[in-house]
Every structure is written in C-alpha cells, then in structure tokens.
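Join the two chains, each given in its own frame, into one complex according to the hints.
These are the residues of each chain, in order.
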Amino acid sequence: MLVSLLLILPFVFAFLMLASSSKDSSAFRMGLLCFAIPFILATALVAIGGQQTDIYPWFSILGIDIEFSLYGYGLSLWMVWLTTLLSFLAFVYSRDSLSLGINKFAIGLLALEGTIIGAFLSAYNIVQFLFFFEAMILPAAILISLHGGLKRRKAVIIFSIYTLAGSVPLLFGVWYLMVKTGSDNINSLMKTLEVLPLSVQIPLLIAFSIAFAVKTPVFPFHSWQGITYSEAPYSLSAILSGAMAKVGVFGFAIWVIPLFDNLFWNTEYGLCLISLALFSMLYGATLALRQTNIKKLLAFSSMSHLSLAVAGLFCLDKTVNAGVAVMLVGHGLTAGGLFFFGGIAEKWTGSTNIKRYGAFASTNPIYATIFGVLGITAIAIPSTVGFVGEFLILRGLFNSGFVFAVVASVGIILSAAYMLRLIKHTLFGPVSNDNTRSDNIYLSQFEGMAAIPIILMIFYFGLHPAPILNSFKEPTEEGAIELPEYEQILEEALIIDSLAREGLIEGDSLAKDSLTIYDLEEQDEH
Amino acid sequence: MTSQIPLWIIPFFPLIGALLLGAITLAQAKSEQPVPEAYIGALAVSFPLFSFVATVMFALGMPEDGAYAETLGDWISIGDFQISFGFLFDSLTKTMLLFVTGITTLIVLYSIGYMKGDSGYTRFMCYMNLFLFSMIVLVLSDSLPLTFLGWEGVGLCSYLLVGFWNKDLLNCKAANKALLVNRVGDVGFLLGMFILMALGGTSILNYTNLNEAVTVSFIPLINLSPPFIRDLVLVAALFLFFACTAKSAQIPLLTWLPDAMAGPTPVSALIHAATMVTAGVYLMARLYALFVFDMLIPIIVLIVALATAFWAAVAGLVQHDIKKVLAYSTISQLGFMFLAAGVGAFDVAIFHVFTHAFTKAALFLGAGSVIHAMGGEQDIRKMGGLALKLPSTFLIMLLAWASLIGLPGLACFWSKDLILESVFGTPVYYVALITALLTAIYMTRLMVLVFLGKFRGDKHTAEHLHESPIVMQAPMWILAVGCIFAGYAPLTEESHLNISLATISSTAAVLGLVFAGFYFRKRIPKYPGHNQLVGFARIWTFSFDALHYVCGVLPVRIAVFFLDLVNQFLRTTMYVFSIVPYICAEGLRFMQANKLRVQLALSVISSVVLIYWLVFFVR
Chain A
8 MLVSLLLILP FVFAFLMLAS SSKDSSAFRM GLLCFAIPFI LATALVAIGG QQTDIYPWFS
68 ILGIDIEFSL YGYGLSLWMV WLTTLLSFLA FVYSRDSLSL GINKFAIGLL ALEGTIIGAF
128 LSAYNIVQFL FFFEAMILPA AILISLHGGL KRRKAVIIFS IYTLAGSVPL LFGVWYLMVK
188 TGSDNINSLM KTLEVLPLSV QIPLLIAFSI AFAVKTPVFP FHSWQGITYS EAPYSLSAIL
248 SGAMAKVGVF GFAIWVIPLF DNLFWNTEYG LCLISLALFS MLYGATLALR QTNIKKLLAF
308 SSMSHLSLAV AGLFCLDKTV NAGVAVMLVG HGLTAGGLFF FGGIAEKWTG STNIKRYGAF
368 ASTNPIYATI FGVLGITAIA IPSTVGFVGE FLILRGLFNS GFVFAVVASV GIILSAAYML
428 RLIKHTLFGP VSNDNTRSDN IYLSQFEGMA AIPIILMIFY FGLHPAPILN SFKEPTEEGA
488 IELPEYEQIL EEALIIDSLA REGLIEGDSL AKDSLTIYDL EEQDEH
Chain D
558 MTSQIPLWII PFFPLIGALL LGAITLAQAK SEQPVPEAYI GALAVSFPLF SFVATVMFAL
618 GMPEDGAYAE TLGDWISIGD FQISFGFLFD SLTKTMLLFV TGITTLIVLY SIGYMKGDSG
678 YTRFMCYMNL FLFSMIVLVL SDSLPLTFLG WEGVGLCSYL LVGFWNKDLL NCKAANKALL
738 VNRVGDVGFL LGMFILMALG GTSILNYTNL NEAVTVSFIP LINLSPPFIR DLVLVAALFL
798 FFACTAKSAQ IPLLTWLPDA MAGPTPVSAL IHAATMVTAG VYLMARLYAL FVFDMLIPII
858 VLIVALATAF WAAVAGLVQH DIKKVLAYST ISQLGFMFLA AGVGAFDVAI FHVFTHAFTK
918 AALFLGAGSV IHAMGGEQDI RKMGGLALKL PSTFLIMLLA WASLIGLPGL ACFWSKDLIL
978 ESVFGTPVYY VALITALLTA IYMTRLMVLV FLGKFRGDKH TAEHLHESPI VMQAPMWILA
1038 VGCIFAGYAP LTEESHLNIS LATISSTAAV LGLVFAGFYF RKRIPKYPGH NQLVGFARIW
1098 TFSFDALHYV CGVLPVRIAV FFLDLVNQFL RTTMYVFSIV PYICAEGLRF MQANKLRVQL
1158 ALSVISSVVL IYWLVFFVR
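Note that the protein sequences, when read in sequence, are chains A and D. Residues in the first sequence are numbered from 8 upward in steps of one, following my numbering. Residues in the second sequence are numbered from 558 upward in steps of one, following my numbering.
Just chain D, same shape as in the assembly (with noise of 0.2 Å):
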C-alpha cells in the first residue's frame, strides 16, 4: 500500500508548513487583529505529525532488509554532470527520520506552550518547520549534494533559531559563529565530494555507488596507479569528517555549540542536542565504507572523539548555567556516538544516537520547564528545592538523568554499554569509562542543585514558581517514557549484553552519582552577585576558541590591515594619475578663446584653410 505513497510526501509537509506560517506571518506582521495562537500552533503541530505518520506508514510497510528509492527529476544537469534530486529510504533512513518527525512534533507541542505570548510566535514555527524540512531531506536524500542542501539548512535554521530573539545582539554573535564554524565545516564536505567527484564522476556521490565503488574497489574507475587513489579516497573522508566535526560540534570546531544556548531552549533540545547535531554521526554512518577504508581514520576519529568526549565532560563539571550544563553534555554525549564510529560499530553509533535523543530532549524540555518557572534565570546557583514546587518536571527529569548517566534497564544504559563493550580491550575503554564516571558526577550535581537543598533565589521568584502547562508536560512525559524504554528498540544486531562490563560500567554510574550526591549536597558554589554565567569555566575549557581567534579570526584582521594599506596605495597611485589630465588641461587652457569675436574670427581663418587644402591637395 504504502507504494502508492512518493517518499517527497515526508518533507512536503513541513515545507509546506514553513511556507504558510512564514505568509502569515508576513502577512501580520502590521496588522492589528493577529491570528489566535491557538491555530498556529495547531497548525504548527499538525505538520510534522503528518509527516511523522507517513513515516510511520513507511517504516511499517518496508520490507526486511528492503529499501525505497525515488527520483524526483534533475537539479544540476549538464554534460557529465548530473546532480538529480532522489531520496532513498533505507533501515537507516527509518530510524532517523522516525525520532527526527516524532520527537520533532514533541517539541513543537512544547514549544506551543514555552513560546506562548512571544511577539515572534509564528515566525518561531516556521522556522521549527523549516528546520524539520530541511532536517528530513539530510536523511532522506541519497545523494551527498542534497544532502549538502539539507546539511546547510539545518545550519540556517540553527542561526535563524539561535539568532530568534534578534533584538539582542548577543544572540545574533551567537547565531553568527553557529553558522560561520559550520561553514568551514562545509568547505570540507564541498573538497570531499570534489575529490570524490574528480575519482567517479557525479555518479560517485549517490551513497550507494559510493559504498559500493569503495568497498568493491577504485581501480575500474579511473586510470590511475591505485596507492593515488588510495590517498585520495582517504584525503576525501578525512575532510568529510571535517565537517561532521563542525556540525557534531567535535574537537576543533565545538566551540559554537555552548553559545547556539542563547536560542529558545525547545531549539536547543531539538536542534542542539537531539536531531541536527546528529547529523555528523549519521553521515559517517552512511558512509560507513568510506569511514573504514583505511586505518588511518578510524584513529583519527577515535583520537577527537575520545578527547571531544572527556573534554566536554569535564568542562561540564563547572558550568553555572543549566542550559550550558546540557551542552557539554551533549558534546560529550555526541563523542561517544564518534567513539562508536570509529571503531566501525555504525549500527550501535545511531543507536546512541536514538536513544540520546530522547533523554536529552528531555533533559532539555525539563531545563525549560525549570527556566519557564524561575521567570527567565538560568543560573542553576539561584536555584534549589525545587523538586517539590516542580514535581512533574522533577521527575521527568529524574528519569533522564537516570538514562544519561546510564543506570541499568534505561535507554542510554543499553548503547552506551554497547559503545563501551565495542572499544574493550584497547586504553580508549579506560578513558571512555572515567568519562563516564564524569557525566554520572556533572550530571548529578546539575540535580542537586536544581532540585534538592533550598531555594537560594529571591522573593519574587519562589512566589511565582509554577508548573508548566499541560501542553509542555505531556510532551515531557511521552520523552520520559521513551527514556525507560527507547533502550529496547531492536537497532543493533548485537541484542546479548556483557555482564561482566555492563557491571562495570554501572558501578562507574553508580559511583559517580554518589559521589556528586555527598559532595554538592555539601558545597554549593556561591552567587557572586553579577550575572556573569559563563566565566573562569569558559576561558580554561575552550582555549579552543581562543585557538580560533588565533588560526582564524587574528590572520583575517591581519589581511584586512594589510589589504587595506595596499587598497589606500592603490587609490593614491590612481589620484596621481588622473590628476595628469588636470594638470595638462590647465597648461592647455591659455589656448582658449574667451571673445566671441576671436573665436569667430579663428573659425573663419581655418575653414578658408581646411577648404583650401580639401580643394588643392586632396585628390
């Protein structure tokens, strides 16, 4: 049945969507009497949820081990050239776009109520809708350059997202680095596909061709001695990795990821952290033949990986901001899906993936709900007890938390035991496993000092401590429950466990949480007065932005002094130039005659004589 149904269905309905929200909301912009936000956000909601059944039909109609393909017709089409748009639905496909649409609508049922009286409301769902567009057609395409297109706007929605309460400039710096470090991961995604393109030609970026041309061999391809090709196949999927780095906020592009913060937190839990930032981990998973063409990368990878993921972790461990908190955590959460990765396990990487999304969604819609009632603050130091005022989110939160740091039976408890039993035997299993110990003592001390101990804000705020509404929690609890049981989806072919290390690893959890537990019970850090959130925390965590600042922005700001010395010579030299003319027509000027008379007179004279040579010496 679901034959019938064209794949394009799936994002026909969000685009669709972005399109009417984005006429409405131009079309209210000046009027007096705007729509109700009740139908936005119904509407808003109902796009992705279409889109969500449709997969939903998909998946249940596919076949086993089958796979939908569909061309919709040319993009870029010339001579040998042939770039087509064409989708392909595949086991991997499925189990992206199934959390991408579901969780997606979750959120967007969140941010209904989050987003409520917010003068940017519509235009807020258009952008969710737009993102969930271009979401979709990064997982649905089959080839790398629409994927590229998906890629990049996701990247745009991440900006316009991030960047959504424009009025403050902070934001706008934010959303600006967003989309300018996901640019120069892009340059590594366009030299990948161009060396890949200058080795098979357009064919080449179709993923299956692709796989199937690496795996099967290079040599029929190209005349050309194979170690070349060797090289460049590698050269290919290290810059591929480049840019899933900048989009999976790895090591050396991470740093925008704790500042894209400053969007709406539903764009945070959606876009950074449960869907978009995946990205990088699905593309590797999709190129997976790419990725383990030769030994070389797979270290590279396992090397930023396992650094991203104990970085963050411990940078994690000094964030005063509850959103920046989760932020580390998700870095170092999508480190884990890189250490999978890397190792070959795909399969068990986008089964992280899966099951991360849903705790961290959580988390996130959890925070705001935290934020919502605190009016605003986000600094987890005025906060405190309120596990009693919030019940409902406490728990939800609870359960996440519990997941996150992999408690036994729980979502991330099942892939992150996977992930750590795939690098057993090697020193990154030591290193993964204190990383872990990590997330369990960050991840409880963001607890304790949320829920437990005393409120440490002001008056004015205890009074107005609310829960949210029935429209944030609902989403709130469908996440939790997808927390307890996201861990039970058969998506790995491995479905035993090892005990022995699962033990371990729970111990590790286990400890952690104790710890943290006696630990910040007893000592929580002091308000020191001035809203200064970010702070020491920043400055020795991310040396990486000042390495930014060192490789990037400082030879820029060099160039442009430079260049502009040259640019201020140049309009000099051309000042000295057209100045000659000038000169020479002032020189020349004592040759022209002021009087009518005289002029008249000289006319007269040279007439006679030009007739007078036409006359006699012209033949």
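The shape of chain A in the complex, shown without the other chains (with noise of 0.2 Å):
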C-alpha cells in the first residue's frame, strides 16, 4: 500500500526526529533518510502508474457518512512525486542556512510534507481534503515564525489569516453541499450539483474558486503571497511557491472543474475564469519587472505561471489538462531550483536585492550554468519541461479563443522579459567588491549534487514528457474518478436518444440533461 505509506511516514518520521538532537550531527543523515524514503516510494508509485486505497468509513455527522480514501493517480501522482522531491531537496539545501537546528526544521517539514501529500491523494472524498488544506497551513505558519526573516510575525499573521479566510467560502460550500448531498464524495456531489438551479451553482463555484485562487495564488487574492514568500527561508519558499501553491491548482482541477461541469459547458462562466486567470498571469509578469527583491521576483513569477495551468484547465481539454500536468512539475522543479539558488546568492552576498548579485558567472560558472538553466525552462525554451506544458496549454487556449492565446503569448514575452532581467543581475555584469562580500563563494557538495536531479528532470520531461502525458492517457481504472469527458458525454446522449426514440427507455433527468448538450452540439454546427 504505498499511497498509505506516503502519507503516514512523513509524520512518523516527524516524530522520530523529535529524538534527534540539533547538535548532533547524525541529525542531518537522519533527516536525509526521513525525506528520501517517501521521495523514493514516490517514485516506485510513479513507476508502477499509481495506486489508490478502497473507501473507508471515517466519522458520521448528522447523519452524513464522511469517509476516508486514498487516490494516486493522474495529477496526483505527479504532484505527490513533486512534493516529496522538492521536500527532499528543501531540506538539503537547508543544510548551512538555518540558526535554530536542522532537526526543528525537518520535523516541521515533515509535517508540511505530510499534510500537502494528504491534500494531493483526497481526490474521491471532499471533507479530507479540506482537513488537509486546512491543516497545510499550520506547519507552514510555524516554520516561517521559528526560520523566517526579520518581519516574520507580520508574514505569518497575514499568511495564515489570510489563507484561513480564504477558504471559510469553501468549507460554508463544502457544508451546503453535503447537506444536500448526504455523502461527501465526488459522484454523489457531481450529481447534486447537476439537478441544483443555476441561483445556487453560482455562488457555490465563486466559494469554490476563492478558497483555490487564494492558495494558487489568482489576481486579485494574491496579496498575502509577497511577504510570504519573502519572510520565509528560501527551502520554504521554494515548497511554498512548488508544492503547496500548486494545491489551489489542483483544487480547480479536481473539484471545481469535474463539479461544475455542466455549468462550464453551457454559461460563460469558465470563459471568465479564463480571463480573469490570464489577467493574473498579466498582472504577475508586470509586476515581476519592477521587482528587486529576488524572492519577491520570484513569487508574482510564480504567481504568473501558475495562473497560466489555471487558465488551461478552464479549457476544458484532456490534452489541455496532461499539459497542465506537466507545466506543474517543470514550475516545481524551476521554482524550486530558483528559490535554492537565491538562497545561495542571498548567503554569498547578504543581500536579497538582484540589484547587489553580479558576476557569478565569472566567479562560480557552476552556479550560473545551473541558475541559467533554471531560468531559461522558467522562459519555456524548448528542449525544457517550461516548454511542453506552456506548448499544450497555449495551443488550448488558443482553441478556447484566439484573444486568450495573444493575450497568454503576451504573458509569455514578458515572463522572457523579467527571467534575463534576473539572469543579468545575477550572473553577468564586471566582477567587484560590492557582490562577492565572502570571498568562498563556492558551492558546497551537496548543493551541487542535488541540482543535478533538477537539471536532469528539466531536460528529460522536455524532451520525453510521456511518463506525465500516459498518466493521463491511460483510461481510468474502476471506481476511479473519470473527469467526464464531452465525447464520452456525447456518445452516451446518442445512445439514450436512439434508445428513447425506439421507446425502450423513459428519458431520466440524466439523460435530459445529455440531451440538451447534444443539442446545443448540434445548434453549433449548423
């Protein structure tokens, strides 16, 4: 049972390293241990294609059966791999740049390991993902407090504040829907939502999106992200901005996508989502130009391409949605990689400001080659992961509208615009003083080492991206979710139709309902 596994080892793990002392040395073996394990059971469920438990009972309240199950498939598969190596390699690079003791910081990255695994394997039941959307922040808020900068109260009273209030719309919709529902998993609440009047979907998708445009974070809840980032140290940025961010993603795939469905085939309203997820990836770029603070840059980046996978999932498209698939592991891997190598920057220099950074490719070309390669999957060359996601999701837009892709293309050149800013500042430029305040600018050995996985990850899923694409070509095993699919849709309304014609069948409220998107098919084409 690996997918059990992962989600109770890291906080096993956790408590094992309560035994660990910071002044010992082992500690960091030990903590080695504790983050390669899951890394490495997640890799052998990459390998074998996935894994999901059966459906468990959990509680019962008032009246309604909450149960408890585990789903590693598609998109949780690669997110749940992406999040044990980044944790892996957070807490490698971690090593020389934390005061308080590694052993603190891996017990609280193990928690945050944990819950952020926990939230990415609830795809079947909605109450245990919020149990672990909620409990995510709680780690998190306590690392940035014990490990983060010089304002680290304010960020962390705005970061929790602001996530917690975020998701309130979430739980109130969560909790209607269940009333109404009587069960809490995803067919019986797709089906509720089907039969509810448009009055109520509506609301429920704005809840919806809020609680998930908050964590990604979408324009205009993005205010909390700033400081966030830039208060917390560079590993936990980098979890952050590659792990957790990317659960308010996978919020609007696996919930709001499948529940609302209907309401995107037949309104406008996942037209708008679009928009307002392009405005974002806009508003990000921009903002991302003007920025010298390297974590800061860094984070409405972040910001930036994230709202562009939200913009693709609003396609609508399988194809689209494998190429969010991938566009999520490459940010991780580049957000990630980015955030490890500021940090580095920020201990040779002293200095968050991209301003003061220089000349580190004359003085550390090793450094630079692997910032440089960093930065240019971040522009999405091809031959990188950046540009297989940014490939398929561009070309969704592109038939969800021909403005979205300008607009997107747009994005796309602004994002080039402030990635060699970056790399200007920080690579290139006359080697002085000012930016080599240590004179050992070097890089230790296992900073080094464990770029080389990043690096080798870029280049492999840029130019081989089939094990993500076949995870979600491969159909669906039973009892499985099945993101329902507009042909499969189709297929099944013709089906009913000649069914009903021959007088077989009484048409049911389903089958109306196919019914009528058969029918708007047909308006469209004629």
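Please note that the accuracy of each hint is not assured.
Quick list of in silico lysine to aspartate or glutamate cross-link-like pairs, EDC-like style, CA-CA up to 16 Å [claimed, not checked]: (1) A:Lys187 x A:Asp103; (2) A:Lys431 x D:Asp725; (3) D:Lys651 x D:Glu627; (4) A:Lys303 x D:Asp904; (5) D:Lys724 x D:Asp675; (6) D:Lys651 x D:Asp904; (7) D:Lys673 x D:Glu1024; (8) A:Lys325 x D:Asp637; (9) A:Lys362 x D:Asp725; (10) A:Lys480 x D:Glu594; (11) A:Lys480 x D:Asp631; (12) D:Lys939 x D:Glu1020; (13) D:Lys673 x D:Asp725.
Just so you know, these hints were derived from the structure itself, not from any lab. Quantities reported herein were computed from a predicted structural model and do not represent experimental measurements.
Below, the structure written as structure tokens:
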C-alpha cells in the first residue's frame, strides 16, 4: 500500500526526528533518510503507474457518512512525486542556512510534506481534502515563525489569516453541498450539483474558486504571497511555491472542474475564469518586472506561471489537462530550484536585492550554469520541460479563443523579459567587491549534487514528457474518478437518444441533461 | 551505403561536442591547470568536421530528387496530439546543411586563433558546438515543432554568444535585446502553428503534409466553408512570416542585429551573417506552398523585403563601426533574399543564402582579422592604409567585396542577378537596382577607409599591426575561394543568364564603386575624439528602436506603474481587513483572567455547570 505509506511515513518520521538533537551531526543524515524514503516511495508509485485505496468510513456527522480514501493517479500522482522531491531538496539546501537547528526544521518540513501529500491524495472525498487543505497552513506558519526573516511575525499573521479566511467560503460551500447530498464523495456531489439551479451553482462556484484562487494565488487574492515568500526561508519558499501553491491549482482541477462541469459547458463562466487567470498571469509577469527583491520577483513569477496553468484547466480539454500537469511539474522544478539558488546568492552577498548580485558567471560557473538552465526553463525554451507544458496549454487556450492565446503570448514575452533581467543582474556584470562580499563563493558538495536531479528532470521531461502524459492517457480503473469527457457524454446521449426514440426507455433527468448538451452541439454545427 | 548511417548522426556530433566541452568548462572552472587550448581547439573543430563529412556522405549518396526521412520517436504524444522527432533530408536540407556545417567548421577553426588566450575559450567552443547542433536540428527537422526547437536553440546560442563577454553589462543588454525581439517573433511562430493545428491537427505540422494540404486542398480537412479556411491559412502564413522577420532581422523586428555585433567577431560571422539569420529564408522556402497561397502574402513580403533592403543599405552608408557596416549590409542582403522568396523564386533565395554565406563570412572574418591586428579597435575612422600591413586580409576582403557588390563572375553576382531578374518588369526592380548601387557605395567606402590612404590610428597600434596567424588565415582563404566559385553551384533550375540585365546590374555596381572610390578617398570622416560608434546614424536610421520603445516598452512601463498602484491598493485592503481580528482581540482581552486563582475558580464553576447540564438535560 504505497499511497498509505506515503501519507503516514512523513508524520512517523516527524516523530522520529524528535529524538534527534540539533547539536548532533547525525541529525542531518537522519533527516536525509527521512526525506529520501518518501521520495523513493513516490518514485515507485510513479513507476507502477499509480495506486488507490479502498474507501473506508471515517466518521459520521449529522447523519452524513464521511469517508476516507486515498487516490494516486494522474495529477495526484505527479504532484505527490513533486512534493516529495522538493521536500528532499529543500532539506538538503537548508543544511547550512538555518540557525535554529536542522532537526526542528526537519520536523516542521516533514509535517508540511505529509499534509501536502494528504491534500494531493484526497481526490475522492472532499472533507478529507479540506482537512489537509487547512492543516498544511499550520506547519508552514510554524516554520515561518521559527526560521523566517525580520518581519516574520507580520508574515505569519498575514499568511495564516488570509489563507484561512480564504477557505471559509469553501467550507460553507462544502457544508451546504454535503447536507444536500448526504455524502461527501465526488460522484454524489456531482450528481447533486447537476440538479441544483443555476442561482445556487454560481455562488457555490465563487466560493470554491476563491479558496483555490487564494492558495494558487490568482489575482486579486495574491496579497499574502509577496510578504510570505520573502519572509520564509528560501527552502520553505521553494516548497510553498513549488508544492503548496499547486494545491490551489489541484483544487481547481479535481474539484471545481468536475463539479461544475455542466455550468462550464452551458454558460460563459469558464471563459470568465480563463480571462481572470490570464489577467493574473499578465499582472504577475508585469509586477515581476519591477521587483528588486529576488524572493518577491520569484513570487510574482510563480503567480504568473500558475495562473497560466489555471487558465489551461478551464479549457476543459483532456490534452490540456496533461499539459497542465507537465507545466506544474516543470514549474515545481524551476521555481523550487530558483528559490534554492537564490538562497545561495543571498548567503554569498548577504542581500536579497538582485542589484547587489552579479558576476556569478565569472566567479562561479557551475552556479551560473544551473541558474541559467533554471532560467531558460522558466522562459520555456523548447527541450526543457517548461516548453512542453506551455505549448499544450497555449494550444488549448487558442482553441478556446484566439484572443486568449494572444494574451498568453504577451505573458510569455513578459516572462522572458523579467527572467532575462534576473539572469543579467545575478550572473553577469563586472566582478567587484560589492557583489562578492564573502570571499568563498563556492557551492558545497550537497548544493551542487542536489541540483543534478533538477537539471536532469528538466531535460528528461522536456524531451520525453511521455511518463507524465501517459498517466493521463490510460483509461482509469474501476472506481477511479473519471473526469467527465465531452465526447463520452455525447456518445451516451446518442445512445440514450436512439433508445428513447425506439421507446425502450424513459428519458430520465440525466439523459435529459445529456440531450440538452447534444442539442447545443447540433446548434453549433448549423 | 549511406542508408546504413542514421540521419541523427549529423546533429549528434556537435551535441556530443557541446556536452563534452561544457563538462570541461565546468570541470576546469576551479582548477589551477586548465586543459591546453590546443586540445580544446582540436576537439571543438573535430565535431563540426565530422558533421560536415557525414553531410557530404549523405549528399553524395542521395538519389536525384530523392529524400531521406527518419523518425526517432515521440516527443509530445497524447491522444490526437502527436509530435515526433522526425528528420527529413531533401535537396533544400542538403544545400543548407552543406554550407552550415562547412562554414561552421571553418569559423571554429578561425576562432582557435581569434579567441586565443581568452578566459572563456572552452565555453566559447562549447556554445559554438551547441549552436551548430541547434542549427542542424532547425534545417533537418521534418516538422514545425522540431524546427521550433532548433529555432529557439539558435536564438539561445545567439543570446549566449552575443553576451559572451558578460563582464560588460552593455553586451548583456544587447544579448537580452536579441533574445527578447526574437521572442516576439516566436509568438508569431507559435500562433501560426496553432492556426494550422486547428485546421488539420498535429499531423499537418509535418512539412510534406502541410505543403500537400495547402496545394492540393484544405477542404477535405475540416468541414468548414472554404473562404474561412482561406483566411485562416492566410493569417497563419502571416504569423509565420512575422517569426521570419524577427529571426532574419527584417522590418519591423530588425533592431537587434546591429546591437548583436557586441559578440566576438567569429560569432557575428557565423550566426549573424552566414547561418542563423538566414533561417527565416529557409523557413519560407520550406513552407513554399503557404507563402504563395494567396496574393496578399507575396505583396507584404515584397514590401517588407524591399523596404528593409533599401533602408539598411542607407544605414550602412553612415556607420563608423566596421562590424556595424557589415551588419547593416547583412540586413540589406537578407532583404534581397526575402525579395526572391516574395516572388516565389525560393530556389533563387536559397542560392543567394548560399553565396552570401561565403561572402559575408569572409568579410566578417577579414574584419575580425583587422580588429585583431588593431588590438580591438573597430572604428574605421581610426584605420586606413592597412592594405600594405595586412596584405593577405586585404586580398581576401577584396575578393569578398567584389563578390558582394556583384562584380561579374563572382559568387553573389550570379545570385543577385537572378533575384533582380525575378523581379524585373515591376517597380520593385528599380528600387532593388538602386539598393545594389548603394551596396557598392557603402562597401567601397568601407574598403577605402580601412585599407587605402594613410593610417589614422595612434602610434602604439601602428607598431603592433600584424597579419593574423595561419590558423585564422586558412579558413579565410577557403571562404575567399568560395566567394569565387560558390556562384557556379547548380542550385537553381534556371542556369541561363539574361545578358542585358546582367550588364545593367554590373554597370550599377561599377558605377557605385567608382563613385565611392573617388568620393571617400577625399572625404574621410573625422574621428571626433570620443568613442562614439553609434552616434547620429543610429538615431535616424533606427527610428525602429524608438518605434519599439513606443509600442513595446512604454506600454509595459505604464502597465507596471498602474498595476503597481493596484497592488498597493490590494495590500492596503488586506491590512485593513486583517486589522479587524486584532481590534476584536484587544476588545476581548478584558475577559482574560490573569490570576491563577480566578482561573481555577472559573474552571471549576464551568465544569460543574457542564456536568450538570450533561447529566440532567442530555439524554
């Protein structure tokens, strides 16, 4: 039971780490093992193509049976893999840079990893998802308040209040839906939503969207992000942007889109959400252009990229969904890597201001090469993983509307602009005493080695994205959640239609729904 | 025999070279004893050479009108979205690959001498190999997405090499500009691909399928009315043309090329004259069916090409930087190539790409040799009288000069004449002829100012004037020979020559050279005393820089300003809201019991109440 182990082990290891002391040099080695094992398990899970558990009753409240199940296919699978990889790397990169002791950091990080994995594995029962969705704020907040920068108190308060407040509407929405349904699994919820009137569906959609938009973040719910990312230690910022922010995108993909499928097909709300996400993309890219704080720059860059991923989701196309998965993996690798290496730059220069960096290409070519590769992946040069995702998403956006593709293209040009600016300030320029405060500008063994998997993955998935794409290609197994697909609905509708004409069955409500879609399609063609 | 060798071997060599040299660069970054430059140089030049040899073997073994095709595997494949790594080696690829690999080999050889002693020697060689790999992928690919990989790859290498001397931030600025302007063009490439995909799925991105689909018919592909399809194809072609204008430095996206001269001279010769910038012409020739699909496209292409050719030639007249003169000349000549492509004479366009590659590479390498001798000085106002000091360079550049202005019998004469012939009978012809005249004038001006007259530099430089080493001269001589004979390559179907038209264009060239020869012997521009290479000329010739500023940079700046205000507003709102819980907490603090006794008492009382309630009221 790999998925269960993946969920439990981080918490078990967190308890084990309590036994180590911060003065003990073995704490780091022990931590390495604690982070490596989940990653190995996740890789094994990827290798076998995914897994899921049975559905167990969890507790029951007001007569609603809440269930518990773990689901590790498709997007969940890859997000879990990414989370374990980034957590492992974050631990490696925080080795020298944390004053309070590596073991305390490891405990917090393991708890955070466990909750994020929990959220990614909850693609079937919404209460369980909500539980992890809220729970992950706690370890993140504790980590920031323990290891953060000078304004960490303010950052923690803003981060916790904002994200918790953001999910309140979701809480009410879920509560309402569950009371209506009497169950908390996605299939029942979908059936309930199909019969609900539009006037109820739309507030629900807004409630769901706000919660995930806060987490991603999408404009205008991004205000918590800048200060949180810039006050958190670099390795934590990498996790926040590389893994935790993706829970927001994941929420859109796993909950919003299947639940409100009918709404999106029959009304323009999907297009509205695409527009908002694309505006958010441009907004993030534009503001990234004027940041001088490397963490804030990367925060806005992350916002820009993830907004594009959200826009891609609302194309409601299976191919694009796979593209979103590739993009999220790519973004996790690059954003994580850039945060790690930004942290090293701060260690060298003692500053977060990119204008005080410079000449790392001359003083440390290895650092420059890695940073450069991460940069061009963010720009989405073909042969890196960034390109595959963006290409699929842009193509999906193009099919949804020509204007969308053009707007997204402007975002892509802007992303090249701010990334090149970052690279220029960080890597190039004259060597002076100013930008090399510490004389020993070198990468430690761990820092250099830990970048190797990132670089390899960037090119591997860039040239051969099949492993990710295939996990979206295969027909999902029985009991697994199947994202309703347009063609399939159409096919069913045709069958029901023909049966109904022969008088074999009575058209029930479901069939009627399908038939209306079919009619719409027919109208389009004429 | 060639069928045994797989096609991927051609890009494979430089890729291995790039990886190997990259590894060496990183490995010796901290070491005290770097690998000797001779080994690095030999390694760097051998991979392009292998590639060249492989290409020659394919070319020799290729049957008449035949083609090799090969598919390596899937790249992006999901559902009906299928993009694979496929290579196609036909006659167009053959021509392009032969001169790309050949000239790269020569220029890498030249770089061994030119880059000697540079601290980034190995890195430079690594980038050159990486560039060759990307360029080969660009021309060898059988579909648009894979070409896009090469297209971006060469753009990336151009960025890396323009900003090669990255300690100077001005170079980095030029590099950023090159990549950004190309990025704008790439958007055209992407959108063009999306439109085509919307029409015929991913399979239409394959060149063979695409040309067939466009020429045979688009109607069976999708059940839409034909005029609509026609418009879509037209828009797709225009988008792809937009991408070509960025890569080949045509109006409106031409501003990056003169700035790109900040890179080392071999880079300017290879990337910004002979190979990469011709990728736009290559793409048009590759998608020939798309570009003759509707009458509107040739008209737009012709207008753009003619304006660029003329404009850049005028700009070339007033430059004082030896490399900038050549850069504008390149833009102008690319305009000529687009001219041919615009009227549908794609073989003529590729022919000019071929002859121009030799000529301009020789000119740039000659310029590099001059700069090398002058100790890095690039201002032609400080040169003069170098003919006697650098006789070999002079002879080489003389040959290339004669070829470029179109003196009869030399390489560019044949191709330029065919271009003029193809537009004869239209008003375009006369403008093109004037441009040819201008070409003769600015090139002769360059030669006169550099090689004739008296030396105008300082004494120190005069003492150190020296001819380049043999490793630099040999490739230059080979290219010079190419300047003579490249025009005889059987690349076009029309082998006959229209004597009267040839006479007219030759007369124009001779007129230009005689005029410039006499005019500039007397009027040598004064060196103003400060190192202002761009100066006045840039301002009025490149109102395009201003145009880009107004259309691109300024809106972004304004957007940054306003969005920042929005951001401040949102932040303030957030603070206002988050202050609410604080105020509430402050208000509720009076309920907090501070004394232990009181706390204890309250706990006991509340427990009692709770138990009482549980026992008596809850059943």
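Hint-by-hint comparison with the structure:
About 53 Å separates the Cα atoms of A:Lys187 and A:Asp103, which puts this hinted pair outside 16 Å; it is violated. Simply put, A:Lys431 and D:Asp725 have alpha-carbon atoms about 11 Å apart, close enough for the 16 Å limit, and the pair holds. For the hint linking D:Lys651 to D:Glu627, the alpha-carbon distance of about 15 Å falls within 16 Å, and the restraint holds. Between A:Lys303 and D:Asp904 the alpha-carbon distance is near 52 Å, which puts this suggested pair outside the 16 Å criterion.
For the hint pairing D:Lys724 with D:Asp675, the CA-to-CA distance comes to about 13 Å; that is within 16 Å, so the pair holds. Restraint check for D:Lys651 and D:Asp904: satisfied, since their Cα atoms lie roughly 13 Å apart, inside the 16 Å limit. Note on D:Lys673 and D:Glu1024: the hinted pairing holds, with a Cα-Cα distance of about 15 Å set against a maximum of 16 Å. Between A:Lys325 and D:Asp637 the CA atoms are separated by roughly 11 Å; this keeps the pair inside 16 Å, and the hint holds.
A distance of roughly 15 Å separates the Cα atoms of A:Lys362 and D:Asp725; the hinted pair therefore holds under the 16 Å criterion. As the CA atoms of A:Lys480 and D:Glu594 are separated by approximately 51 Å, the hinted pair breaks the 16 Å bound. Proposed proximity of A:Lys480 and D:Asp631 is supported: the alpha carbons are some 14 Å apart, at most 16 Å. For the hint linking D:Lys939 to D:Glu1020, the alpha-carbon distance of about 14 Å falls within 16 Å, and the restraint holds.
Proposed proximity of D:Lys673 and D:Asp725 is contradicted: the alpha carbons are some 19 Å apart, above 16 Å.
Consistency note: the structure conflicts with the earlier hints numbered 1, 4, 10, 13.
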